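Q: For reference, the chains in residue letters:
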Amino acid sequence: MAIEVRIPTILRSHTDGAKAVTGAGKTLGELLDDLEERHPGLRERLVDDGGLRRFVNLYRNDEDVRFTGGLDTELADGDTVTVLPAVAGGAA
Amino acid sequence: MLSIDRSLYDAIVIHARKDHPDEACGILAGPAGSDRPERHVPMVNAERSPTFFRFDPQEQLAVWRELDDRDEEPVVIYHSHTSTEAYPSRTDISLAAEPDAHYVLVSTREPDTAEFRSYRIVDGEVTEEEVRVVE
Numbered sequence: 000m001a002i003e004v005r006i007p008t009i010l011r012s013h014t015d016g017a018k019a020v021t022g023a024g025k026t027l028g029e030l031l032d033d034l035e036e037r038h039p040g041l042r043e044r045l046v047d048d049g050g051l052r053r054f055v056n057l058y059r060n061d062e063d064v065r066f067t068g069g070l071d072t073e074l075a076d077g078d079t080v081t082v083l084p085a086v087a088g089g090a091a
Numbered sequence: 000m001l002s003i004d005r006s007l008y009d010a011i012v013i014h015a016r017k018d019h020p021d022e023a024c025g026i027l028a029g030p031a032g033s034d035r036p037e038r039h040v041p042m043v044n045a046e047r048s049p050t051f052f053r054f055d056p057q058e059q060l061a062v063w064r065e066l067d068d069r070d071e072e073p074v075v076i077y078h079s080h081t082s083t084e085a086y087p088s089r090t091d092i093s094l095a096a097e098p099d100a101h102y103v104l105v106s107t108r109e110p111d112t113a114e115f116r117s118y119r120i121v122d123g124e125v126t127e128e129e130v131r132v133v134e
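Protein chains in written order, with numbering that gives the first Met the number 0: chain A, 0 to 91; chain B, 0 to 134.
A hint or two may mislead.
To be verified - A few chain A residues that don't get close to chain B, going by computed Cβ distances all over 12 Å:
(1) Ala17
(2) Glu29
(3) Glu36
(4) Arg42
(5) Asp47
(6) Glu62
(7) Leu70
(8) Glu73
(9) Gly77
As the list claims (entries may be wrong) - Examples of chain B residues lying across from chain A (beta carbon under 7 Å, computed):
(10) His19
(11) Glu22
(12) Arg47
(13) Phe51
(14) Ser88
Keep in mind the hints are simulated off the structure, nothing from the lab.
Every value quoted in this text rests on a predicted model; they were computed, and no experiment measured them.
Here a beta-carbon is modelled for each residue, glycine too, at the ideal position from N, C-alpha and C.
Let's have the full structure, built from the sequences with the hints guiding it.
A: Written out as structure tokens, the structure is:
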């Protein structure tokens, strides 16, 4: 059950500079727990007590996981999970 | 310093004017590692707001994939402020996640003159830089 996880520049300090890492899990939450064992600190950049952080986008293949169950999103062997920091801001 | 072609500079200002009074946003892509903006990619402001912007997550994924495929990166990330100066707000600073990008701010608060300024934002530190327009 291998899932490729694509890591943005700003989080590569948690992956020894790697652009992509591999993990396992039946759900996104399980995958993040699995990654945390080898890449400490990564999980907390993606989730907080309330679930997925508001300004981080996670995608299962082409789908924003906000619309597929968040941390409960089911994963299958061969899926790719992409992490992108939101590009956001504003005058307020 | 940000070195930018006149045509790209103008394209950003035109986009900001067109979306006024909402904030406009987008990127200039360029070859990875070149620090040279070459291609304008206007983005949808998913917030459609005069005080906030956010790239639409689905559009962002598509554009970022295209950058990867072309071996490009977002050399410039821009957005407009429509009633305040062209300086990064606290929100802009706290959400800036591309330490290698030039963050361009355009203010459209004056109808006749556009303020166009560029910054580096790294670990919450803002450094303004010179903008050199190449004719």
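Q: Hint by hint, note whether the structure agrees.
A: Hints, verified against the model:
1. Ala17: 15 Å, holds
2. Glu29: Holds, since 23 Å exceeds 12 Å.
3. Glu36: 25 Å, holds
4. Arg42: A:Arg42 is indeed farther than 12 Å from all Cβ atoms of chain B, at 17 Å.
5. Asp47: A:Asp47 is indeed farther than 12 Å from all Cβ atoms of chain B, at 14 Å.
6. Glu62: 9 Å, violated
7. Leu70: 17 Å, holds
8. Glu73: 19 Å, holds
9. Gly77: 17 Å, holds
10. His19: 12 Å, violated
11. Glu22: 6 Å, holds
12. Arg47: At 12 Å from the nearest chain A Cβ, B:Arg47 fails the 7 Å test, so the hint is violated.
13. Phe51: Holds, because the Cβ-Cβ distance from B:Phe51 to chain A comes to roughly 4 Å (cut-off 7 Å).
14. Ser88: OK, holds: B:Ser88 within 7 Å of chain A, min 5 Å.
The structure shown violates the earlier hints numbered 6, 10 and 12.
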